[in-house]
Amino acid sequence: MCTKVLSEDVISSSAAAAVAANVNIDEVDATVNADVVNVDAKPTVTGYYKDNADVTKEEELDDESPRTCSAADADALDCDKIDNNNKKGIGPEGKEEYLESKPLDHGIHNHLITKQEQHQQDELYKDYLPNFHDNGGILIFFHLYKTGGSSITELIVDIKADQEQELIHGYGCDNDNEEDEEDESKDSTKNPTDCQSRVVFINNRESISTEDIKKSIWLVEYKKKVVVYNFHVEFPATMYPTLVEAEPILKEWKQTAKDKNISYFATTLVREPLGHALSFFNFFHVAIANELWSPFQGDMDPTEDNFLKTYVPNRLCHIMYDDAHSILEAPNYALRDGLVNDLYHFMDENELNRRKEPSFCDITKVLEVLDTSFDYVGVTEKLSTHILPMFTYLVFGDASWGLDASIKKKVDTFYDNEEDKKLEIKPLKKHNLSEETKTKVLQESSLDQQLYETILTKFNHWPKYELSKEEGLESEL
Numbered sequence: 006m007c008t009k010v011l012s013e014d015v016i017s018s019s020a021a022a023a024v025a026a027n028v029n030i031d032e033v034d035a036t037v038n039a040d041v042v043n044v045d046a047k048p049t050v051t052g053y054y055k056d057n058a059d060v061t062k063e064e065e066l067d068d069e070s071p072r073t074c075s076a077a078d079a080d081a082l083d084c085d086k087i088d089n090n091n092k093k094g095i096g097p098e099g100k101e102e103y104l105e106s107k108p109l110d111h112g113i114h115n116h117l118i119t120k121q122e123q124h125q126q127d128e129l130y131k132d133y134l135p136n137f138h139d140n141g142g143i144l145i146f147f148h149l150y151k152t153g154g155s156s157i158t159e160l161i162v163d164i165k166a167d168q169e170q171e172l173i174h175g176y177g178c179d180n181d182n183e184e185d186e187e188d189e190s191k192d193s194t195k196n197p198t199d200c201q202s203r204v205v206f207i208n209n210r211e212s213i214s215t216e217d218i219k220k221s222i223w224l225v226e227y228k229k230k231v232v233v234y235n236f237h238v239e240f241p242a243t244m245y246p247t248l249v250e251a252e253p254i255l256k257e258w259k260q261t262a263k264d265k266n267i268s269y270f271a272t273t274l275v276r277e278p279l280g281h282a283l284s285f286f287n288f289f290h291v292a293i294a295n296e297l298w299s300p301f302q303g304d305m306d307p308t309e310d311n312f313l314k315t316y317v318p319n320r321l322c323h324i325m326y327d328d329a330h331s332i333l334e335a336p337n338y339a340l341r342d343g344l345v346n347d348l349y350h351f352m353d354e355n356e357l358n359r360r361k362e363p364s365f366c367d368i369t370k371v372l373e374v375l376d377t378s379f380d381y382v383g384v385t386e387k388l389s390t391h392i393l394p395m396f397t398y399l400v401f402g403d404a405s406w407g408l409d410a411s412i413k414k415k416v417d418t419f420y421d422n423e424e425d426k427k428l429e430i431k432p433l434k435k436h437n438l439s440e441e442t443k444t445k446v447l448q449e450s451s452l453d454q455q456l457y458e459t460i461l462t463k464f465n466h467w468p469k470y471e472l473s474k475e476e477g478l479e480s481e482l
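Residue numbers in the sequence shown follow my numbering, run continuously in steps of one, and reach 482 at the last position.
FYI, nobody ran anything at the bench for these hints, they're computed from the structure.
Each residue gets a CB set at the ideal place from its N, CA and C atoms; glycine is no exception.
A couple of the hints might just be wrong.
[As the list claims (entries may be wrong)] Below are the PhoX-like pairs computed for lysine-lysine, each with C-alpha atoms no more than 20 angstroms apart in a straight line:
hint, residue 1, residue 2
1, LYS263, LYS131
2, LYS387, LYS370
3, LYS259, LYS370
4, LYS259, LYS229
5, LYS131, LYS445
6, LYS314, LYS469
[To be verified] Okay, the calculated beta carbon distance ranges per label pair:
hint, residue 1, residue 2, range
7, GLU296, SER451, 29 to 37 angstroms
8, ASP304, ASN465, 26 to 34 angstroms
9, HIS124, GLN455, 16 to 24 angstroms
10, GLY303, GLN121, 47 to 55 angstroms
11, PRO336, ALA294, 18 to 26 angstroms
12, PRO135, GLU216, 21 to 29 angstroms
13, GLN260, THR308, 48 to 56 angstroms
14, HIS124, ARG341, 50 to 58 angstroms
15, PRO363, HIS124, 50 to 58 angstroms
16, PRO363, ASP342, 25 to 33 angstroms
17, LYS435, PRO336, 20 to 28 angstroms
18, HIS466, THR377, 13 to 21 angstroms
Let the sequences and hints guide you as you build the complete structure.
Written out as structure tokens, the structure is:
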């Protein structure tokens, strides 16, 4: 059976604490029950992280195991070896020999972790990451355009969805999307606390405020949740702060978590300037048409000429410093027809004047904020080897799940129409550019290059994760 995260008494006292902390209890409870929260949309329920599944006698005697076989596996397979190809038990034979390496309670994703591998992962990350596994924690992801962040957030939501299915089919939890009330697999004795997701994913695309601090602290302190905030601006939320503008809130968040003894981790990603410029061009100007949520001119041909006409020097620096949407620095050609004349509806006079002034980005300030307000800053090319495993270990307790992600930056072809492959459009790549254009980008984006090289050097010692079939876990520091 699924076990409660909190007893009824604790839930009652936590409600009182929420009032004392000036937190809207109804609003927070709504967030808890909606594990994936789009701040500007109706929430969607997905996911589950098992705290304490029922254990076998052998496991109760094993004090070294930080987590145990899942109850679903214990019931169906007697905690025996798992075939990762078909997720079926191999049978009770050889159980004693396999006891030390049987899978732990990390769900039904593509890889079931063993005790040995769990220990190796814990050793790999112990000097780098906080512990979210015991009492929850807060993960702040400041998601900058075209740095690989969507691969991270979609993986987290996908894993939660897989685990939600495990709850429904393996634990008999209620599926609100099904109308069959006589389903014998459902357990009517469970209350909502039994089947809530431990991971709360909040996709915030409109604002950052101290209310986010209060909500996340309450969810961890009284519900033991793992709270993942994805801060990812979307037009026309023009009051959305840049990374530099968000510094006071990020500092307060970090300090509040420290004062409450709550695990906290803030992170973001950067990218080398030419790769970032091409990715931005291919997505906003080529892959999509003119959309209401995008301020940019879309449906362009992927040519070097169009790339140069839409190119913004030091775009990442400006996104972090003074131009969260990358509108103010963009040439008119890059913006949707009529948008320039309508910007006064969305921006104040100081912002509008920046389109007329010489470009300036304070790289020193940007690096200072990254240094003081963030625990880790990654680079896009380390997404699959370092960053995705780190995220899945921190949030779900298993780095190997990071190997399951579909890396968006590897997409080679766009289609105007999926039914007509003749209309395929090849995105613009580095090898399509002249040496003159490559040199121009590197020279004009010297601040972005400085940012990239500084971050690469500072965090180069962070661990790399690999899963080897013969040797288990391999790491490179």
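Against the structure, the hints come out as follows:
For the proposed pair LYS263 and LYS131, the alpha carbon gap of about 18 angstroms is at most 20 angstroms, so the pair holds. About 25 angstroms separates the Cα atoms of LYS387 and LYS370, which puts this hinted pair outside 20 angstroms; it is violated. Distance check on the hinted pair: LYS259 and LYS370 sit about 19 angstroms apart at the alpha-carbon level, within 20 angstroms; holds. For the proposed pair LYS259 and LYS229, the alpha carbon gap of about 17 angstroms is at most 20 angstroms, so the pair holds.
At roughly 43 angstroms between alpha-carbon atoms, LYS131 and LYS445 are farther apart than 20 angstroms, so this suggested pair is violated. Between LYS314 and LYS469 the alpha-carbon distance is near 38 angstroms, which puts this suggested pair outside the 20 angstroms criterion. The supplied range of 29 to 37 angstroms is met by GLU296 and SER451, whose beta-carbon atoms lie about 32 angstroms from each other. For ASP304 and ASN465, the hinted distance range of 26 to 34 angstroms is not satisfied, since their beta carbons lie about 40 angstroms from each other.
Under the hint 16 to 24 angstroms, the C-beta atoms of HIS124 and GLN455, about 40 angstroms apart, miss the expected range. Distance hint check for GLY303 and GLN121: the Cβ-Cβ separation is about 50 angstroms, which falls inside the suggested range of 47 to 55 angstroms. Taking the beta carbon of each, PRO336 and ALA294 are about 20 angstroms apart, inside 18 to 26 angstroms as hinted. Between PRO135 and GLU216, the C-beta spacing of about 23 angstroms keeps the proposed range 21 to 29 angstroms intact.
GLN260 and THR308 have their C-beta atoms about 49 angstroms apart, which keeps the hinted 48 to 56 angstroms range intact. At about 53 angstroms, the beta-carbon gap between HIS124 and ARG341 stays in the expected band of 50 to 58 angstroms. Distance hint check for PRO363 and HIS124: the Cβ-Cβ separation is about 56 angstroms, which falls inside the suggested range of 50 to 58 angstroms. For PRO363 paired with ASP342, a C-beta distance near 26 angstroms keeps the hint of 25 to 33 angstroms intact.
Between LYS435 and PRO336 the beta carbon distance is about 22 angstroms. The supplied range of 20 to 28 angstroms therefore holds. For HIS466 and THR377, the hinted distance range of 13 to 21 angstroms is satisfied, since their beta carbons lie about 19 angstroms from each other.
Hint violations for this structure: numbers 2, 5, 6, 8, 9, all remaining hints satisfied.
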